[in-house]
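In the order they appear, the protein sequences are chains A and B.
Once you know that position 159 of the first sequence is 159 in my numbering, the rest is easy, because the numbers rise by one and skip nothing.
Once you know that position 629 of the second sequence is 850 in my numbering, the rest is easy, because the numbers rise by one and skip nothing.
To be clear, the hints were calculated from the coordinates, so they are not data collected in a lab.
Check the hints yourself; a few may be wrong.
[Unchecked claim] If you only want the chain A side, here are some residues facing chain B, beta carbon under 10 Å, derived:
{"hint": "1", "residue": "Leu-37"}
{"hint": "2", "residue": "Arg-121"}
{"hint": "3", "residue": "Asp-126"}
{"hint": "4", "residue": "Cys-128"}
{"hint": "5", "residue": "Glu-136"}
{"hint": "6", "residue": "Leu-144"}
{"hint": "7", "residue": "Pro-166"}
{"hint": "8", "residue": "Ile-213"}
{"hint": "9", "residue": "Gly-216"}
[To be verified] Dumping the calculated DSSO-like pairs for lysine-lysine here, alpha-carbon to alpha-carbon at most 30 Å:
{"hint": "10", "chain 1": "A", "residue 1": "Lys-137", "chain 2": "B", "residue 2": "Lys-564"}
{"hint": "11", "chain 1": "A", "residue 1": "Lys-131", "chain 2": "B", "residue 2": "Lys-545"}
{"hint": "12", "chain 1": "A", "residue 1": "Lys-137", "chain 2": "B", "residue 2": "Lys-305"}
{"hint": "13", "chain 1": "B", "residue 1": "Lys-671", "chain 2": "A", "residue 2": "Lys-137"}
{"hint": "14", "chain 1": "B", "residue 1": "Lys-671", "chain 2": "A", "residue 2": "Lys-31"}
{"hint": "15", "chain 1": "B", "residue 1": "Lys-474", "chain 2": "A", "residue 2": "Lys-131"}
{"hint": "16", "chain 1": "B", "residue 1": "Lys-377", "chain 2": "A", "residue 2": "Lys-131"}
{"hint": "17", "chain 1": "B", "residue 1": "Lys-671", "chain 2": "B", "residue 2": "Lys-630"}
{"hint": "18", "chain 1": "A", "residue 1": "Lys-131", "chain 2": "B", "residue 2": "Lys-564"}
{"hint": "19", "chain 1": "B", "residue 1": "Lys-587", "chain 2": "A", "residue 2": "Lys-131"}
{"hint": "20", "chain 1": "A", "residue 1": "Lys-131", "chain 2": "B", "residue 2": "Lys-305"}
{"hint": "21", "chain 1": "A", "residue 1": "Lys-131", "chain 2": "B", "residue 2": "Lys-555"}
Here a beta-carbon is modelled for each residue, glycine too, at the ideal position from N, C-alpha and C.
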Amino acid sequence: MQSETSARQWDGTLSPNDFNSSVAALCERWKEVNDSLPQWLWVPFPVVGDSSCNAAGYLTMENVYHQNASEEVSHEESILGDEELSDDATLVQSCGKDDMHVYDYHIVYSFNFRVPVLYFRGYRLDGCPLKLEDIEKDLPAYSLKGLRESKWTFMTQEDHPYLRRPWYTLHPCGTSDWMKVLFGSNAANNQPRPLHYLSAWLSVVGQAVGLRIPLGLYKSQ
Amino acid sequence: MASSSSVVSSYSSSSSDKGSGRILQFDPFQSLVDEGFWHRLSSLKLDSLGLDQSPIPLTGTPLLPSFFSLAFSVCFYAPCSHPKVSNRLTLLAESLPSDFKELQFSLERAHGNRNRCPVPGTLYNMNTFESFKALDRDSLLKKEAKKILDDIHSAKVEEDSAVLSRFFIISFADLKKWNFLHWLAFPALVVGPPAVVLNLRPAREVFNQGEAQSLSAALNEWRNSSLTTGVLYFLVSIASNSRATIRQLKDWKACQDDGQKLLFGFYDPSCRLDNPGWPLRNYLAFISLRCQDGKIQFLCYREKRGFADMGLSLVGEAVISPSKDCRDPQCVPKAVGWEPKPKSINLAESMNPERLAVSAADLNLKLMRWRTLPSLDLGTLSSVRCLLLGAGTLGCQVARMLMAWGVRKITLLDSGLVAMSNPVRQSLYTLDDCLDGGSLKAVAAARTLKRIFPAVEAEGVTLSIPMPGHPVPTNEISRVLEDCERLRDLIASHDVTFLLTDTRESRWLPALLCASENKIAITAALGFDSYLVMRHGAGPLYESDQANSLSTVDGNGGQRLGCYFCGDVVAPIDSTSNRTLDQQCTVTRPGLAPIASALAVELLVGLLHHPNGIHAPGEIANSIMSSSEQPFGILPHQIRGLLPQYSQMTLIGHASNSCTACSTTVVSEFRRRGMEFILQAIDHPTYLEDLTGLTELIESANSFKLDWVDETDDADI
Ligand SMILES: [Zn+2]
C-alpha cells in the first residue's frame, strides 16, 4: 500500500506493483457489485526475459453492446446473390439487431506516465470499426460535454501498446494531475490504496467514454 | 427442499409444452471477423506468403486460380452472456499464425481465456474476385463436413470436442483498397431425418432448486478452471440426491452406465429462448452416431455477467435417428451451414498508412492545443501556402519545421543540383540524390517531404533568382524576364515567402516582390557562428485610411517594420564574384541552420496567430507586452543570435525611406515600369542606390562614424 513515494508528497501516480494489485482487487470487487456489464479479465503479455514485469498486459472488458437508434443499416444487394443453402432445421431469422455497436475496453499500465490508460474501440456487428464521429454519437451528453470542455480528458487515436493497431485512448499526460485533485488534501502525504486509485480513476474515464461504473465499486471497500 | 422427483419425470411428462413434437430448429452461428484478423492476414500475404503476384498455375490444372489455405486458423466463441445478443463466433488476429512459433504462443494465451474458446477452421483466401466468385462452395462445404464426420467415426471428437464446431472461411483480400470480402460456413451434418423436439424450457423451470444450485456451481467451477473453460461440449450427470457433476465427453459410456440422469451439455452462443444454437446440430449427429439414438436430453449452457444462468440456459429433449448410410464411415453426408450472404468490410481507415499518418500528426497538434494552446489555429496552419526560396540547409530545415506545425502546402524553389557535400547538412537529401550528377534540389526535396508525410502538398520549382549586379547577356534577357515573372506569380500565389538563399543579392528581388504584393516575408540568414531571423514589415503601398502617406508608417498607424535591406547603406551587389574561393563556400557551424530555421517557423506561427497579422508591431523581450498576453509569447521583428556566446537578442528596425527593396520609391517604380525596372537594377550596380538616394547617403555617412556594425555582411557568407 505505502510505496516508496509516501515520504514525499504524493505525485498522483501508481507504481507497477500497485497497478497489479489494484487490477486483481478491481476484478474481484467488480464481480460483486456489477449488475449489467461483462467481467474484467486480465490478459498478461509476458515480457521475454523479464519476469519482474507483471504489469505488462491489459485488463479487458469486451462485448459491451450499445443499441444504436439513429443509424439506418443498409441491406445492399449481395454481390453473389443470396442462396438458399439452409434446410428445415435451420432457423431463418429476420435481419434485426444489425445496428448494434460493440465496444471493447482495455486498461493498460503506462510505464512512462506511471498511470493506468484506457484504450477502447467500437465496431459494428460486421466487424467494421467505428470512427470517432460514430463513437461520439453513442456517447451520452455529459460525456460529450466533458470531452469538449474538460482539461482532464482528451481522446486520441494511438497504437494499442500490445495489439499494435490503432485504438482510441484517453491521453494519459494529465492523469496524475487530476488524480491528485480527485483525492484532494487527504492524499497530499498519503497515497490512496490501489483499489481506491483504480476505482476513482475508472469513474472519471468511464464517464468520459460513457461507461456506467457500478456505484457499489466505491462503497465500503 | 423442492420435489425429490427425478429430472426425467419432471419434464418428460409435460408433452404439451411449446415446441414439442416439432422439428428442432437451430439458431445459426453468426460470425464476427475482427479487424485484427485482416491486419494479420494482410501481413501474412505481404510478408510471409508473398502471393501478391499474378496467379500461379497449379500442375494439371493450368487455369485454376491461385489461392492459399490455412488449415490451422482458429476462431473463438463463448457461451451466450447477454439476454438479447447472441455470442458471435469471432475471428481475431490470434486466429492466424504469423509463423508456427507464434501460433503456439497465441494458442497458449487463448488457452484458459473463458471468453475465447478455440475452434479449428480453415481459411481459403483467393487472390482475385473472380476466383472468389467461381469457388464451388457446395463441394467445399461437403469436404469440410466430411472432416467432421471422419472425426466422429474416428472418436477424435471424444478427445477434442471442438472439432465438432469446425468452420471455414473463404476470402478475397484486396490489399490495394484495404477491402476484405469474406464468407463463412459452419458445416452442419445432415445425418438423418430432422431431430424432433419434445420439450425445450429454461433450465430453472426444469430442475428443482437443489439441482439448479448444484449444477450452477459445477458449471461455474468448470468455466473458471483454465483446464476446462475451453471445452465446448461436456456431459452433465445428475444424481438422485440432486448433485450435479460435469464430465468430459470421453466419459459418456461411464455416464450412461452409472444410472444417473445424463444430459449432453454444450456452450450455446444463441440467446434465443425458443431455439438451441448451431453447435447442437453436429453434437446431435455425434450423439446419434456414437452414443445413443432415440430420446436424448441436452443442456444449452448460457451465462449472465460471467456466471451460469439457469434462466437463460435451456434444457431440451429431442428424438434423433441417424440414417443407415451415415453409419458407414465412407459416406459423404449432406451438409448445410453457409452464412446467408458474403460480407465485405473496408479497413482503409485503420490500414491505409497515409490516413494513419495524417490522423496521428493531426492528433498530436490537437493534443498540444488541448494541453497548452487553446488558441492554436490548426485550420490556418494547414491551409497556409508557404514558398521556400532556397532548398539548402535552411530550406530543408524550414520545410520540416513547417510540417511539424501542420503546414500542408509547401513549395520549394532552387536552381541547384544535390551535391555530395549536401546530405550531411541538408536534411531532405540522401546519397542517392547525389548520384548520376545529382538530382534537382527542389524536386528531390519535395519528393522527400512526401515520403516523410504523404499528405503534404509539396512542389519543387527549379528556377534561379535574378540578382542585382549580375549583368544579363543579351541572349538571356528573355529567360531572365520569364524567371522574374514566374517568381512574381509564385509569391503572389503563396501566403508566405521564406528567404533562405545563401547570397544577399538573391534576396533582393523576392523582398521587393513581397513588399509590392504585401505578402508575409521571413528571412533567415547565417554567418559562420551568428544568425539573423526576421520578418519583413508590410508593403509600403498598403495603408489603412487613417494612416498618412509616409511609406515608413504602417497600415495601423505605427511605424512600418523594415525589411532585410532597410538597414543597408549599400545596394545588394554581386557578393560572390569578388571573393576568394573559401569565402564563397557557405561555411557555418552546423547547428546554426536548424536553430535559425526553427526560429523562422516559430516566428511565422506567432505572426499567423496575431490579430494584426503582417501589420503586427515588433516586440522585444522584456517589453511591457509580455508573453502573458499572447499564448505564443512576444512577436519580435528580428532575432539575432551569436553562438560563441550562446546569446540571442530581439531587435526592432523600422522601414527606411531609402531602402532598395521596400521603400515607396522602389516599389512605386517597380509598379510603374515592371520588368524593365528589374532589368535595369540587375544590369547597373549603382542604379538602385541612385534611385533611393543611397549614393548621397553614403557620401554623407563617410563623414560620420556609424555607431552600429553591419552584421549582415557575414550573414551571407
Ligand atoms: Zn526595406
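Is the straight-line distance between the alpha-carbon of B/Lys-671 and that of A/Lys-137 30 Å or less?
Outside the cut-off at roughly 34 Å; violated.
Hinted contact A/Pro-166 with chain B - closest CB pair below 10 Å:
It holds, given that the least Cβ distance between A/Pro-166 and chain B is near 5 Å, below 10 Å.
Keeping to a limit of 30 Å between CA atoms, is the pair of B/Lys-474 and A/Lys-131 held or broken?
The given pair, whose Cα atoms are some 53 Å apart, is violated under the 30 Å limit.
With 10 Å as the cut and Cβ atoms as the points, is A/Ile-213 at the interface with chain B?
With a closest approach of 15 Å, the A/Ile-213 hint is violated.
Any CB of chain B closer than 10 Å to the CB of A/Leu-37?
holds, 7 Å
Just to be careful: measuring from the Cβ of A/Gly-216 to every Cβ in chain B, is the smallest value less than 10 Å?
violated, 14 Å
Holds or violated: B/Lys-587 to A/Lys-131, with C-alpha atoms at most 30 Å apart:
holds, 17 Å
Starting from A/Lys-131, check that the Cα of B/Lys-555 is at most 30 Å away, please.
violated, 43 Å
Hey, B/Lys-671 versus A/Lys-31, does the alpha-carbon distance stay inside 30 Å?
With Cα atoms ~52 Å apart, B/Lys-671 and A/Lys-31 exceed 30 Å; violated.
Against chain B, with CB atoms and a cut of 10 Å, does the hint on A/Arg-121 hold up?
Where the cut-off is 10 Å and the nearest Cβ of chain B is about 9 Å from A/Arg-121, the hint holds.
Taken at face value, is the distance from the CA of B/Lys-305 to the CA of A/Lys-137 at most 30 Å?
Distance ~22 Å between A/Lys-137 and B/Lys-305 Cα, so the pair holds.
Given a cut of 10 Å on the nearest C-beta pair, is the interface hint for A/Cys-128 held or broken against chain B?
holds, 5 Å
Checked against the numbered hints above, the structure violates hints 5, 6, 8, 9, 11, 13, 14, 15, 16, 21; every other hint is satisfied.
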